[in-house]
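Residue numbers (this note's numbering), protein chains in the order written: chain A, 186 to 251; chain B, 100 to 246.
Derived from the structure by calculation, the hints contain no laboratory data.
Cβ coordinates follow ideal geometry from the N, Cα and C atoms, glycine included.
Some hints could be false.
To be verified - Derived CB-CB ranges, DEER-like: (1) Ile-128/B - Lys-206/A: 18 to 28 angstroms; (2) Ile-199/A - Val-191/B: 35 to 45 angstroms; (3) Thr-200/A - Glu-146/B: 53 to 63 angstroms; (4) Phe-143/B - Ile-199/A: 51 to 61 angstroms; (5) Glu-249/A - Val-198/B: 31 to 41 angstroms; (6) Arg-212/A - Gly-213/B: 57 to 67 angstroms; (7) Leu-195/B - Ile-196/A: 33 to 43 angstroms; (8) Lys-206/A - Gly-206/B: 54 to 64 angstroms; (9) Val-228/A - Val-211/B: 55 to 65 angstroms; (10) His-121/B - Arg-189/A: 24 to 34 angstroms; (11) Thr-226/B - Ile-196/A: 45 to 55 angstroms; (12) Lys-220/A - Ile-192/B: 34 to 44 angstroms; (13) Gln-184/B - Lys-187/A: 18 to 28 angstroms; (14) Glu-146/B - Arg-212/A: 43 to 53 angstroms.
Unchecked claim - Straight-line alpha carbon distances no greater than 25 angstroms define the calculated DSS-like cross-link-like pairs of lysine-lysine that follow: (15) Lys-242/B - Lys-207/A; (16) Lys-124/B - Lys-187/A; (17) Lys-239/A - Lys-124/B; (18) Lys-207/A - Lys-243/B; (19) Lys-239/A - Lys-242/B; (20) Lys-243/B - Lys-206/A; (21) Lys-220/A - Lys-191/A; (22) Lys-206/A - Lys-124/B; (23) Lys-157/B - Lys-206/A; (24) Lys-170/B - Lys-242/B; (25) Lys-170/B - Lys-206/A; (26) Lys-220/A - Lys-207/A; (27) Lys-187/A - Lys-170/B; (28) Lys-220/A - Lys-124/B; (29) Lys-232/A - Lys-172/B; (30) Lys-232/A - Lys-124/B; (31) Lys-172/B - Lys-207/A; (32) Lys-232/A - Lys-206/A; (33) Lys-232/A - Lys-170/B; (34) Lys-239/A - Lys-207/A.
To be verified - Coverage of chain B stretches by chain A, computed from C-beta distances (three or more under 8 angstroms per stretch; other residues unrestricted): (35) 131 to 140; (36) 238 to 245.
Residues per chain are reported as follows:
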Amino acid sequence: MKNRLKVERAILDITQEELAKKIGVSRQTINAIEKNRYVPSTVLALKLSAVFGKPVNEFFELEEGD
Amino acid sequence: MEFNKMMEREYDELIKERLLPHRFKLLGIYLSIGSFALYIVSLFMAELPDYGRHMISKVVLLSMLMVSISKEKQEDEMSRSLRSQSYMLALVIGVLYAVFQPIINFGVAAMVQGSEASFEELPVFATFWFMLFVQLGFFHVMKKGSA
């Protein structure tokens with residue numbers, strides 16, 4: 186699954202640490218999501234959606250084979 | 100909505116809160132290193148009674164278990180997922196180790212001692228120590244790999 190987390194974070198001009206604090210996870214988790222090493226749960230995806238003010242499918246996208 | 104909140108609270112109580120607070124992780128690390136060093140020393144102390152060595156080995160296992168079931172500094176869904184994966188890997192590798200290591204030991208002993216070689220199962224301490232070591236190792240490596 187592809188994601189635009191890094192771009193969305195840049196638009197808000199916040200660091201991984203700041204985003205992590207907003208949604209109650211560790212900085213490592215944000216980093217792992219950005220690098221496609223970890224796919225977040227629906228709950229976490231919805232929390233990200235609330236921070237970015239966009240629907241989940243605008244920053245998460247299925248890839249071929251998913 | 101009320102039902103969902105109730106389910107969420109149940110989940111929190113059942114899963115998240117079952118782990119020990121993070122401070123137990125540090126305590127467990129110090130205890131396991133100390134007790135393991137003591138265990139190694141005890142192997143060379145002929146005058147130490149068997150029960151003494153057994154007690155030390157139990158402290159090693161309990162302190163490693165303490166590390167294993169303690170929360171991370173920032174416990175979140177990824178750390179829970181990585182912990183689950185590491186337990187699964189430790190179980191699979193641990194069972195394979197417990198099954199095949201005695202066979203390898205027997206094979207080596209048979210080559211060296213011939214017909215005098217005897218087949219011995221792994222002691223409980225060695226099996227559990229290995230499984231906990233694998234679990235903690237994989238958890239640490241996967242966590243660093245994600246960072």
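Each hint, compared with the structure:
| no. | hint | in the structure |
| --- | --- | --- |
| 1 | Ile-128/B - Lys-206/A: 18 to 28 angstroms | 26 angstroms, holds |
| 2 | Ile-199/A - Val-191/B: 35 to 45 angstroms | 40 angstroms, holds |
| 3 | Thr-200/A - Glu-146/B: 53 to 63 angstroms | 59 angstroms, holds |
| 4 | Phe-143/B - Ile-199/A: 51 to 61 angstroms | 57 angstroms, holds |
| 5 | Glu-249/A - Val-198/B: 31 to 41 angstroms | 40 angstroms, holds |
| 6 | Arg-212/A - Gly-213/B: 57 to 67 angstroms | 59 angstroms, holds |
| 7 | Leu-195/B - Ile-196/A: 33 to 43 angstroms | 49 angstroms, violated |
| 8 | Lys-206/A - Gly-206/B: 54 to 64 angstroms | 55 angstroms, holds |
| 9 | Val-228/A - Val-211/B: 55 to 65 angstroms | 58 angstroms, holds |
| 10 | His-121/B - Arg-189/A: 24 to 34 angstroms | 33 angstroms, holds |
| 11 | Thr-226/B - Ile-196/A: 45 to 55 angstroms | 52 angstroms, holds |
| 12 | Lys-220/A - Ile-192/B: 34 to 44 angstroms | 26 angstroms, violated |
| 13 | Gln-184/B - Lys-187/A: 18 to 28 angstroms | 23 angstroms, holds |
| 14 | Glu-146/B - Arg-212/A: 43 to 53 angstroms | 52 angstroms, holds |
| 15 | Lys-242/B - Lys-207/A | 21 angstroms, holds |
| 16 | Lys-124/B - Lys-187/A | 35 angstroms, violated |
| 17 | Lys-239/A - Lys-124/B | 38 angstroms, violated |
| 18 | Lys-207/A - Lys-243/B | 22 angstroms, holds |
| 19 | Lys-239/A - Lys-242/B | 29 angstroms, violated |
| 20 | Lys-243/B - Lys-206/A | 20 angstroms, holds |
| 21 | Lys-220/A - Lys-191/A | 9 angstroms, holds |
| 22 | Lys-206/A - Lys-124/B | 23 angstroms, holds |
| 23 | Lys-157/B - Lys-206/A | 39 angstroms, violated |
| 24 | Lys-170/B - Lys-242/B | 13 angstroms, holds |
| 25 | Lys-170/B - Lys-206/A | 18 angstroms, holds |
| 26 | Lys-220/A - Lys-207/A | 19 angstroms, holds |
| 27 | Lys-187/A - Lys-170/B | 30 angstroms, violated |
| 28 | Lys-220/A - Lys-124/B | 28 angstroms, violated |
| 29 | Lys-232/A - Lys-172/B | 21 angstroms, holds |
| 30 | Lys-232/A - Lys-124/B | 29 angstroms, violated |
| 31 | Lys-172/B - Lys-207/A | 17 angstroms, holds |
| 32 | Lys-232/A - Lys-206/A | 11 angstroms, holds |
| 33 | Lys-232/A - Lys-170/B | 22 angstroms, holds |
| 34 | Lys-239/A - Lys-207/A | 16 angstroms, holds |
| 35 | 131 to 140 | violated (count 0) |
| 36 | 238 to 245 | holds (count 3) |
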